[in-house]
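Participant: Let's have the full structure, built from the sequences with the hints guiding it.
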Amino acid sequence: MKAQWKFTRSRKRAGVSVVVVGVLALGLAACSGGGSETSGLDGDTLKMYTWIGGKADKKQWADYVAGGVHADPEMKVSFTGPPIGDYYTKLPTVMRSSSAPCLVTFQNGRVNQYVEGLEPLDDLAKENNLDLSAYSSAMLEQLSVDGKLYSIPFNTGPTVVLYNKQMFKDAGVAEPTNDWTTDDFIAAAKATTKDGVYGFAIPQASNPIATLMAADGHPWADEDGPLLDDPNFKDALQLLVDLSNKYKVAKPLEAAAGGTFPDIDAFNTGQAAMEMQGLWDLQHAQESLGKDNVGIAVIPSKNGASKGFIGGSGFGITKTCGDKQKAFEAIEAMTSKSGLEFVTKSQASVPARLDALDAWSENAGSPEFATVIEQMTGDATPSPVPANQAELDTLLTQYEVDAFSGKSTVDEVLQQVKAGLAQ
Amino acid sequence: MTFVRLDRPEEEVADASVAPPGRPKGRLRRRPLGGPRWVGWAFVLPGLIGLAVFIVIPQVASLILGFSDSTLLGGTRFTGGENFARLLRDPQFINSVIVTSIFVLVYVPANIAISMAMAMWLKTRIAGRNWIRVIFLIPALSPMVANAAVFRLLFQQDGVVNQALAAIGLEPIPWLSDGNWALAVVIGVSVWQSFGYNMIVLGAGLDSISPDVIAASRIDGAGPIRRFVSITLPLVSPALFFTTVLTVIGAWQTFAQAYVITGGGPGNSTMTIMLYLYQTAFTNNQLGYASAIATVLFVIIAIFTLFQLWGQRKWVHYD
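As they're listed, the protein sequences go chains U and D.
Residue 407 in our numbering is what sits at position 407 of the first sequence, and the numbering runs on without skipping anything.
Residue 1156 in our numbering is what sits at position 156 of the second sequence, and the numbering runs on without skipping anything.
Among these hints, one or two may not hold up.
To be verified - Partner residues are not named here, just some residues of chain U that face chain D (Cβ under 10 Å, in silico):
1) Met-95
2) Ser-99
3) Val-115
4) Glu-116
5) Gly-117
6) Val-241
7) Asp-242
8) Glu-254
9) Ala-256
10) Val-401
11) Ser-408
12) Lys-418
13) Ala-419
14) Gln-423
Said to hold, decoys possible - Now the stretches of chain D that chain U is said to cover, found in silico as 3 or more residues with beta-carbon under 8 Å:
15) 1039-1048
16) 1216-1225
17) 1238-1248
18) 1298-1311
Note that these hints are calculated values from the structure, not bench results.
We treat Cβ as the ideally placed atom computed from N, Cα and C, and that holds for glycine.
Facilitator: And the structure:
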């Protein structure tokens, strides 16, 4: 009887162990991501994970897919995803999950942090005879890590100044020229600041600093990370602080969650006359303020010879994708000349292929726009994307507020950010 | 009166029916309430599976990952206790512990005091008190992220709150630019959002107090303060204990308010432990280190909860 009881107990223990191991294995399997031939596909449709913040984003991706189908009628791509504020946070988890997609997208060349889950595209490009010289070389450089290409660009979004033409007219200020200086910019911001409306809306984090530095020909980062000790880095942040505290032409930055864009909201709702953003915001601004009411200008520089800061977007293929050839063919179609030309009929973002720029000028832009784009993309300051950019942006967003409130100097803020990055 | 169990064989029932009340046989006490043993397991199993899949396994996995340098996309290399040693010299983590401690010290008493005061007020026979209860419960029912997003708009530099202050001739307050004010906003929003739930629980506790006891204390000449301290508080202490334990646990896990309203800033003045954990895992891509933070947070919460469970013997009255 006792022996039987012992036997029963050991059997129970074994049973419980099997259940526990089974559940653990199931959990791990769920987290480990797939690798089968069907991974990342829904039937013969490729799954794409991207940022979708609302109707405008949904329309944008539908247009890129339509452009791809226009170039290759066999192509089938479906897309899902969260708003841009959550996208980069969720991306690694999604790439590692059992339902990982085949295609993912990257903005501002931010592939660096995700290369462990991405397929290098150099060999696929060779096998498919894709002519990479047709794409913006600055974008290809930005989307490469250690000499390997991880993403094919579909748009090239130089950061520009978007301005409200009506506000400039009301203030009696001449519209910016392509050789305007930082002093001209401050004068225009002063003139348009009135009645509770600011002349400029300051963006958060590293992008405005990188853009201002690039305009004067200074790179903001190298392969080791952001150049926080570079005096030009400090000058750029100091200018942003001065625009608020000294010149009183911009609202000071406040504590805010990452992934929010109060500057874009302010410009698109007529609360600011100028903003500094990637061209991807042009269409949204035109829809909010009127197509003919939004102008674009080069980034102001100290000597009036402004250089561009490129930050476009691209498609990548996950390592777990079950049919990488099919995924590459889809990227090829969506970034083909005819595909991108098709997209310019409904989207204002600048195509990453140089041979599609004419169609963009004709459909989405204007001769004046084309001049600005030419200057900003033609002579761009190389802008590497450091692996710790997300961390840097989080820390800058947190600490730069103290410079605007006067609690810390710009030097102190940069030291705090540096200390945070060292952790 | 003698109670008999209908699920026992007749002779057992007969046997039990003659046994002195309050002295059931030991063998009978150990028997399951009814049916084969697997029936009980069948009832418990869904809950156990949920507990294992959503609590125990992630907790064990997190504990193991805490001893590694795992990243979200990369491999895992075990590094012993390096992450835990690093926590001791990480000023950002130490700051997050201090910020969260301040949050707990202010938020928990404020929440309990307001909940208790509101529950006491609603115990009086005011008109529409059930509707008022529902109204105060609404913030607790709505998502914290949505509440926080609205409060962020209210407290920004040119938001409604500063406009109201200006309307009565007061200077605007740098709610989201000054670290102390920002933490005050995060605490205030948290209290506003959650006191309704505690108010309902404490209200139920107050309603269960027999009016006879209160009436007797009045006859004995006890004033309102004496009645509250010597009658109401002891009798509502089980509900008070329950709400305090849950509120303290929730306070240590504060995340959404700080994430949405301030992002942990200005500087790191509102960087709670959970927010730092989130940033470490998903922004800085250090899953192993974030898991070590999670383990330490678990230990902190466990210590506080055990301390409260131990302390309840001295002030909680279940009779």
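Participant: Next, verify each hint and record whether it holds.
Facilitator: Okay, the hints, checked on the actual structure:
The interface hint given for U:Met-95 holds, since its Cβ lies 6 Å from the closest Cβ of chain D, which is under the 10 Å cut-off. The criterion of a C-beta within 10 Å of any C-beta in chain D is not met by U:Ser-99, whose closest approach is roughly 16 Å, and the hint is violated. Given the 10 Å rule on beta carbons, the hint for U:Val-115 holds: about 8 Å separates it from the nearest Cβ of chain D. Interface restraint check: U:Glu-116 against chain D, minimum CB-CB distance 4 Å, threshold 10 Å, status holds.
For the restraint placing U:Gly-117 at the interface with chain D, the shortest Cβ-Cβ distance is roughly 4 Å, inside the 10 Å limit, so the hint holds. Because the smallest distance between the Cβ of U:Val-241 and any Cβ of chain D comes to about 13 Å, over 10 Å, the interface hint for this residue is violated. The criterion of a C-beta within 10 Å of any C-beta in chain D is not met by U:Asp-242, whose closest approach is roughly 17 Å, and the hint is violated. Checking U:Glu-254 against chain D: minimum C-beta separation of about 4 Å stays under 10 Å; hint holds.
The interface hint given for U:Ala-256 holds, since its Cβ lies 6 Å from the closest Cβ of chain D, which is under the 10 Å cut-off. For U:Val-401, the interface hint holds, since its Cβ comes within 10 Å of a Cβ in chain D; the closest pair sits about 4 Å apart. The interface hint given for U:Ser-408 is met, as the beta carbon of that residue sits about 8 Å from the closest beta carbon of chain D, less than 10 Å. Given hint, U:Lys-418 at the interface with chain D, is violated; its Cβ is 13 Å from that chain's nearest Cβ, farther than 10 Å.
A distance limit of 10 Å between C-beta atoms decides the matter here; for U:Ala-419 the minimum to chain D is near 7 Å, and the interface restraint holds. The restraint placing U:Gln-423 at the interface with chain D holds, with a minimum CB-CB distance near 6 Å, inside the 10 Å limit. Only residues whose C-beta sits within less than 8 Å of a C-beta in chain U count toward coverage, and the segment 1039-1048 of chain D has 0 of them, not enough to reach three; the restraint is violated. Under a criterion of three residues with beta carbons nearer than 8 Å to beta carbons of chain U, the stated coverage of the segment 1216-1225 of chain D fails, only 0 such residues being counted.
Coverage of the segment 1238-1248 of chain D by chain U is violated. Counting CB-CB distances below 8 Å, 0 residues qualify, and the rule asks for three or more. For the segment 1298-1311 of chain D, the proposed coverage by chain U is not satisfied: 0 residues have a C-beta within less than 8 Å of a C-beta in that chain, short of the threshold of three.
The earlier numbered hints that this structure contradicts are 2, 6, 7, 12, 15, 16, 17 and 18.
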